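Peer 1: First to last, the sequence lines map onto chains V and R. Sequential numbering of the first sequence, starting at 1, is according to this note's numbering. Sequential numbering of the second sequence, starting at 1, is according to this note's numbering.
Hints were generated in silico from the structure; no laboratory data involved. Treat the hints with care, as some may be off.
The list treats identical chains as one, so a pair stands whether inside a single copy or across any two.
Cut-off 20 Å, straight-line C-alpha distance, at most; resulting in silico cross-link-like pairs (EDC-like, lysine to aspartate or glutamate) [what the hints assert, rightly or not]:
1. Lys40 x Glu226
2. Lys192 x Asp156
3. Lys196 x Asp43
4. Lys148 x Asp128
5. Lys116 x Glu66
6. Lys148 x Asp138
7. Lys196 x Asp156
8. Lys229 x Glu28
9. Lys148 x Asp43
10. Lys148 x Glu195
11. Lys148 x Glu209
12. Lys148 x Glu66
13. Lys148 x Glu185
All figures in this text were calculated on a predicted structure; none of them were measured in a lab.
There are 2 protein chains.
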Amino acid sequence: MSRGIAVVSGGLDSVTMLYSLLAQDDIEVVSFNYGQRHAKELDQARLITSHLGIPHRIIGIRSFGEAIAHGSSSLVNTDTEVPEGSYDDENMKATVVPNRNMVMLSMAAGVAIASKAQFVATAVHAGDHAIYPDCRPDFMRKLSQAIKSGNEGFIDPGFFIRTPFIYQTKTDIASLAGRLSVPIELTWSCYKGGEKHCGRCGTCVERLEAIHNAGVTDRTPYADTEFWKTAVNK
Amino acid sequence: MSRGIAVVSGGLDSVTMLYSLLAQDDIEVVSFNYGQRHAKELDQARLITSHLGIPHRIIGIRSFGEAIAHGSSSLVNTDTEVPEGSYDDENMKATVVPNRNMVMLSMAAGVAIASKAQFVATAVHAGDHAIYPDCRPDFMRKLSQAIKSGNEGFIDPGFFIRTPFIYQTKTDIASLAGRLSVPIELTWSCYKGGEKHCGRCGTCVERLEAIHNAGVTDRTPYADTEFWKTAVNK
Chain V
1 MSRGIAVVSG GLDSVTMLYS LLAQDDIEVV SFNYGQRHAK ELDQARLITS HLGIPHRIIG
61 IRSFGEAIAH GSSSLVNTDT EVPEGSYDDE NMKATVVPNR NMVMLSMAAG VAIASKAQFV
121 ATAVHAGDHA IYPDCRPDFM RKLSQAIKSG NEGFIDPGFF IRTPFIYQTK TDIASLAGRL
181 SVPIELTWSC YKGGEKHCGR CGTCVERLEA IHNAGVTDRT PYADTEFWKT AVNK
Chain R
1 MSRGIAVVSG GLDSVTMLYS LLAQDDIEVV SFNYGQRHAK ELDQARLITS HLGIPHRIIG
61 IRSFGEAIAH GSSSLVNTDT EVPEGSYDDE NMKATVVPNR NMVMLSMAAG VAIASKAQFV
121 ATAVHAGDHA IYPDCRPDFM RKLSQAIKSG NEGFIDPGFF IRTPFIYQTK TDIASLAGRL
181 SVPIELTWSC YKGGEKHCGR CGTCVERLEA IHNAGVTDRT PYADTEFWKT AVNK
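Next up, chain V with everything else stripped away, as it sits in the complex:
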């Protein structure tokens, strides 16, 4: 059994990763509040880790979001609309917060070093689209190398960024969630902060499609259960 830090947003992917890691490793969870428009996913992450009885830290990096808010991201800039529909490049570029993944993984690595953990795990997957270079194997490899170099003597020599889903699709993850009995309805994917998942934003569409294709049961309530069928593969 090794010790690791799991970066968990509260979404389907990271929660499924958490369940799969817990089967064999000693896990602490780190989540980030980077100035999302809503904290719903963090609430859900807290609920899930509390249910599982595992340590959970939420690190606030809202100030980073604010510093870059004059950029183009709709996730930190409330003046920009969240795009609806599929994950096509044009739409989703507006949701990229510059270097966000690296900031979060660098902090998770700091926690890992303090906790004498051997890895940081992130739920990036093959379906993360071409517009997210910080979800690619090349980045994860270079990031691991930088972390090990910058913390030589303080970090476990075998430390690495663990990416169990990097060659899997979102449908693969949904299938795994079914096999592991992950409480899918407790996870939160929607970019909007409503009472229910909207069913129309990019992540809702992606989630609904993956769950459908995997054929798993989903008790999540959605405001719109039909939109995704017309939005995918646009």
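Let chain V serve as the given structure and place chain R on it in line with the hints.
Peer 2: Same frame as chain V, now just chain R:
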């Protein structure tokens, strides 16, 4: 003229770097509040950028410091004494915040991408001791590679982490500060948050020695002006 983000703590090194960069580049300044025991250096950084009339963002990452406070660092854990005397390994290991440099440079890179800047500059120098692996050329090279990989398509293809002092000593920097007429007395180096620089902590000792060796004028008041002479090279 290129555009860059300078990481400035308010200390002698980073302020001297700022003055040297301003001679040829378009510079914005980023500072970090990571839960230092005192914010004196940030106040001084603010004073200096205000005097120079250049943009300055202070990004709060206190929450990161708190998340790792159960680790071993005296900079974020107020239960641990700040060591006095020279920068020998035993003393200074207590001041290492895991992966702090990487967290700050990753955030500065995010700001650089949002600002369409070509570089992030950091004032690490050859005298940063062997216990700080995140001040070494190998780390800076790997970090630049990770940042470029993780932001491909969004970042200037020529982006790099600029480290103008990485092969210079602190005495070289103090000499440059003299030539550039840097207001040394406005910079803040002391690890303690007193009215004056204590003159006894590791950074005070290092600062006093460098300024002495460079033979430059220093109007900074110190609580103890003699201690450094016996503390160095212990």
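Peer 1: Compare the structure with each hint and give your call.
Peer 2: Hint by hint, here is what the structure shows:
1. In this homomeric assembly, Lys40 and Glu226 never come within 20 Å of each other (Cα to Cα): the closest approach is 23 Å inside a single copy and 57 Å across copies.
2. For the identical chains of this complex, Lys192 and Asp156 are neighbours neither inside a copy (39 Å) nor across copies (31 Å), given an alpha-carbon limit of 20 Å.
3. For the identical chains of this complex, Lys196 and Asp43 are intra-copy neighbours only, at 14 Å inside a copy versus 45 Å across copies, given an alpha-carbon limit of 20 Å.
4. In the homo-oligomer, the alpha carbons of Lys148 and Asp128 lie at most 20 Å apart only across protomers (18 Å), although the nearest pairing inside one protomer, at 25 Å, exceeds that limit.
5. In the homo-oligomer, the alpha carbons of Lys116 and Glu66 lie at most 20 Å apart only across protomers (17 Å), although the nearest pairing inside one protomer, at 31 Å, exceeds that limit.
6. Taking the shortest Cα distances, Lys148 and Asp138 sit within 20 Å of each other both inside one copy (16 Å) and across copies (11 Å).
7. For a Cα distance limit of 20 Å, the shortest separation of Lys196 from Asp156 qualifies neither inside one copy, at 42 Å, nor across copies, at 40 Å.
8. Proximity of Lys229 and Glu28 under a CA criterion of 20 Å is satisfied in neither setting, with 37 Å inside one chain copy and 46 Å between copies.
9. Proximity of Lys148 to Asp43 under the C-alpha cut-off of 20 Å is found in neither arrangement, the shortest distances being 32 Å within a copy and 33 Å between copies.
10. Taking CA atoms no more than 20 Å apart as the test, Lys148 paired with Glu195 passes in neither setting, with 42 Å inside one copy and 38 Å between copies.
11. In this assembly of identical chains, Lys148 and Glu209 lie within 20 Å of each other by CA distance neither inside one copy nor across copies; the values are 38 Å within and 32 Å between.
12. Taking the closest pair of Cα atoms, Lys148 and Glu66 never come within 20 Å of each other, the shortest separation being 29 Å inside a single copy and 22 Å across copies.
13. Proximity of Lys148 to Glu185 under the C-alpha cut-off of 20 Å is found in neither arrangement, the shortest distances being 37 Å within a copy and 37 Å between copies.
Hint compliance for this structure: hints 1, 2, 7, 8, 9, 10, 11, 12, 13 are broken, all remaining hints hold.
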